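Sequences are here, hints too, so could you generate the full structure?
Protein chains: 2
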Amino acid sequence: MKDKDFLMIPGPTPVPESVLLAMAKHPMGHRSSEFSKVVRRVEEGLKWVFQTKYDVQIYTSSGTGAMESAISNLVNAGDKVLSLIIGNFGARWAKIAAMRGADVQKLEVPYGKAINPDELKKILDADTKKEIKVVTLTHNETSTGVTNPVKELAKIIREHGAISVVDGITSIGAIDCKMDEWGIDVLISGSQKGFMIPPGLAFLVANDRAWELHKQCKYPSFYFNWDDYKKNLDKDTTPWTPAVNLFIALDKALEMMREEGLENIFARHKNNAMLLRKGIKDMGLKLFVEDESIASYAITSVLPPEGINVPDIRKTLKEDYNIVVANGQNDLKDKIFRMGTLGFVTERDVLTALASLKATIDKLKK
Amino acid sequence: MKDKDFLMIPGPTPVPESVLLAMAKHPMGHRSSEFSKVVRRVEEGLKWVFQTKYDVQIYTSSGTGAMESAISNLVNAGDKVLSLIIGNFGARWAKIAAMRGADVQKLEVPYGKAINPDELKKILDADTKKEIKVVTLTHNETSTGVTNPVKELAKIIREHGAISVVDGITSIGAIDCKMDEWGIDVLISGSQKGFMIPPGLAFLVANDRAWELHKQCKYPSFYFNWDDYKKNLDKDTTPWTPAVNLFIALDKALEMMREEGLENIFARHKNNAMLLRKGIKDMGLKLFVEDESIASYAITSVLPPEGINVPDIRKTLKEDYNIVVANGQNDLKDKIFRMGTLGFVTERDVLTALASLKATIDKLKK
Numbered sequence: 001m002k003d004k005d006f007l008m009i010p011g012p013t014p015v016p017e018s019v020l021l022a023m024a025k026h027p028m029g030h031r032s033s034e035f036s037k038v039v040r041r042v043e044e045g046l047k048w049v050f051q052t053k054y055d056v057q058i059y060t061s062s063g064t065g066a067m068e069s070a071i072s073n074l075v076n077a078g079d080k081v082l083s084l085i086i087g088n089f090g091a092r093w094a095k096i097a098a099m100r101g102a103d104v105q106k107l108e109v110p111y112g113k114a115i116n117p118d119e120l121k122k123i124l125d126a127d128t129k130k131e132i133k134v135v136t137l138t139h140n141e142t143s144t145g146v147t148n149p150v151k152e153l154a155k156i157i158r159e160h161g162a163i164s165v166v167d168g169i170t171s172i173g174a175i176d177c178k179m180d181e182w183g184i185d186v187l188i189s190g191s192q193k194g195f196m197i198p199p200g201l202a203f204l205v206a207n208d209r210a211w212e213l214h215k216q217c218k219y220p221s222f223y224f225n226w227d228d229y230k231k232n233l234d235k236d237t238t239p240w241t242p243a244v245n246l247f248i249a250l251d252k253a254l255e256m257m258r259e260e261g262l263e264n265i266f267a268r269h270k271n272n273a274m275l276l277r278k279g280i281k282d283m284g285l286k287l288f289v290e291d292e293s294i295a296s297y298a299i300t301s302v303l304p305p306e307g308i309n310v311p312d313i314r315k316t317l318k319e320d321y322n323i324v325v326a327n328g329q330n331d332l333k334d335k336i337f338r339m340g341t342l343g344f345v346t347e348r349d350v351l352t353a354l355a356s357l358k359a360t361i362d363k364l365k366k
Numbered sequence: 001m002k003d004k005d006f007l008m009i010p011g012p013t014p015v016p017e018s019v020l021l022a023m024a025k026h027p028m029g030h031r032s033s034e035f036s037k038v039v040r041r042v043e044e045g046l047k048w049v050f051q052t053k054y055d056v057q058i059y060t061s062s063g064t065g066a067m068e069s070a071i072s073n074l075v076n077a078g079d080k081v082l083s084l085i086i087g088n089f090g091a092r093w094a095k096i097a098a099m100r101g102a103d104v105q106k107l108e109v110p111y112g113k114a115i116n117p118d119e120l121k122k123i124l125d126a127d128t129k130k131e132i133k134v135v136t137l138t139h140n141e142t143s144t145g146v147t148n149p150v151k152e153l154a155k156i157i158r159e160h161g162a163i164s165v166v167d168g169i170t171s172i173g174a175i176d177c178k179m180d181e182w183g184i185d186v187l188i189s190g191s192q193k194g195f196m197i198p199p200g201l202a203f204l205v206a207n208d209r210a211w212e213l214h215k216q217c218k219y220p221s222f223y224f225n226w227d228d229y230k231k232n233l234d235k236d237t238t239p240w241t242p243a244v245n246l247f248i249a250l251d252k253a254l255e256m257m258r259e260e261g262l263e264n265i266f267a268r269h270k271n272n273a274m275l276l277r278k279g280i281k282d283m284g285l286k287l288f289v290e291d292e293s294i295a296s297y298a299i300t301s302v303l304p305p306e307g308i309n310v311p312d313i314r315k316t317l318k319e320d321y322n323i324v325v326a327n328g329q330n331d332l333k334d335k336i337f338r339m340g341t342l343g344f345v346t347e348r349d350v351l352t353a354l355a356s357l358k359a360t361i362d363k364l365k366k
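Top to bottom, those sequences are chains X and D.
Everything in the first sequence is counted per the working numbering, starting at 1 for the first residue and increasing by one.
Everything in the second sequence is counted per the working numbering, starting at 1 for the first residue and increasing by one.
Treat each hint with caution, since some may be false.
No distinction is drawn between identical chains; accordingly, a pair holds when it is met within one copy or between any pair of copies.
Below, in silico cross-link-like pairs of lysine-lysine (BS3-like), each with a Cα-Cα straight-line distance of 30 Å or less [what the hints assert, rightly or not]:
hint	residue 1	residue 2
1	K133	K95
2	K231	K122
3	K270	K37
4	K318	K37
5	K218	K95
6	K231	K333
7	K25	K270
8	K231	K366
9	K333	K235
10	K318	K231
If you are wondering where the hints come from, they were derived from the structure by calculation, not from laboratory data.
All values reported here derive from a predicted model rather than from experimental measurement.
Right, dumping it as structure tokens:
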């Protein structure tokens, strides 16, 4: 049956109907006073979600665009960057920095684990000359379903003096992340995750310390240039033509988020993930991330049962039960499947997914 | 009255209802086989519109993103770039190249004029050491309403040996531009113009000669990296999460464009622009670009009549007649207003705009 698929991948995520309909209106001119009001309202809403007093730059791009923005506005060729890697998205930071000509040092742990704050501290303590300018890390690692202890890590980075650059693409609006209180210097996210709208917008917040380092940047990106964004944001507009309809969608989605309240949103994500984890264990399947203290509230990775393979599970779930889950990435391809509980997902959806997964496994066991 | 505005700005442009409704569907997973089919179909449609056999890279960004892609994949710091400037968008190429550290030479003509091919030839002939690697130019200059003789200019650039990089943001899908036949090396465009969909996607085509130069590029952009786009396009996908709903919208819009046919689309734009120009002259107003041989078929710039100012014309047109036209930019602000006939615009719309403009002027004259 067509048009019945329910996305439980880590993005794009399900989009509320009211958001889809808001998006389907004729575009408005992006230099109009009406649109400036939308920009202002969306900006205030994003600050609230990011828990920050700093400006939120809104890019028309995917989350990777915001990653490039961070690196290309902070890092010169030859600069030393430390990348904390717990999965593919942590590795992406290192790739972007390397492509920029940075001297990249990596702290890598086995996939399925989080960064140990003590290990980070050891590395930064050894950097007595303070050569490391930037430390990149991932809040919620989408490829494994692990959440890093960002609060602790950001504190250690602050004590060293480097700038912390955090990928919050699948955490912001889903998992608590107090940017200002925790002292995160640069935080980015994307629209098709906790924000419940389709892909196409990405967000970046930089605090005063990050702006200081930015001043030393020789060849920043033009499209993602912080100064241009700042100058235009002060006039409630964007330097380039934005994805107008996605702004309208975001305006509506933020209104829904305000109604629910941040604490309730975080609690819902936690409850849904915990319910999913319990149900998966109850049906005898194994979780890729067993340690509940680092398990993501946004993405749950599951190992297939003995004798049944991941492609068959994904195929049956999709074809017979209209539920789309993600495969593992790279080395984890066909070894795990990943279920998102990110954004517009309720307890009913989790129960539905569990029932469908159970039926899928039973069918494939025959 | 709300929801009645008709956009006659140079983008975003009016969007067909069938496209808006296609866009309002729940997003599909971007790594699904269904979406790969969309990517393949859209890719073939774009090649047809660009009149090229080369791959079309589809970015989630505004047109400026595609501009940065071109420069950042071709130009190293210190490289010599020649920028042909007939307006703000031509100047943008020079800014991007300068921000990249290029040594930028400019051929600038008064706004309202086009580049004279002989002048370009003189400059390139003088470059006997072939130091100029890249020549940037604008096909249709949105800020003035002038169309450059791209066919002639591209030929001269080819004879010199430099790479021609052409902004076709407001020309492709509206004004004939035979990329391969004319020997254009890099051609870019954006979604919210001739393609009749909302802003958020940008396109870039590079031919073999451009790919050769790209190989010498030391620090290409990561987000706009040509190699990653090529590798993924070969598998009918994109390197990063694309604006899925805009792809669906584009798929629908390209279907409509195929039904109309390229020649008919170009003829419609020409007829509409000529009808608009005639009507404007008939009511005693002056055109900013009097020379019909370089007047744009996509954007018409108009001078306000003696004693009436541009802001009043724009305000009355919008508030009393629900028609949105653009102001001039920078030095031309409040000196001209610009009317777009770009994309989903018919003869009826032009007649409506002329009647409304006449009524506006009459009202303001009282």
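Hints and how they fare:
no.	hint	in the structure
1	K133 - K95	both (16 Å within a copy, 28 Å between copies)
2	K231 - K122	neither (40 Å within a copy, 39 Å between copies)
3	K270 - K37	neither (34 Å within a copy, 36 Å between copies)
4	K318 - K37	between (41 Å within a copy, 17 Å between copies)
5	K218 - K95	both (20 Å within a copy, 14 Å between copies)
6	K231 - K333	between (44 Å within a copy, 19 Å between copies)
7	K25 - K270	between (34 Å within a copy, 28 Å between copies)
8	K231 - K366	neither (63 Å within a copy, 40 Å between copies)
9	K333 - K235	between (46 Å within a copy, 17 Å between copies)
10	K318 - K231	between (46 Å within a copy, 27 Å between copies)
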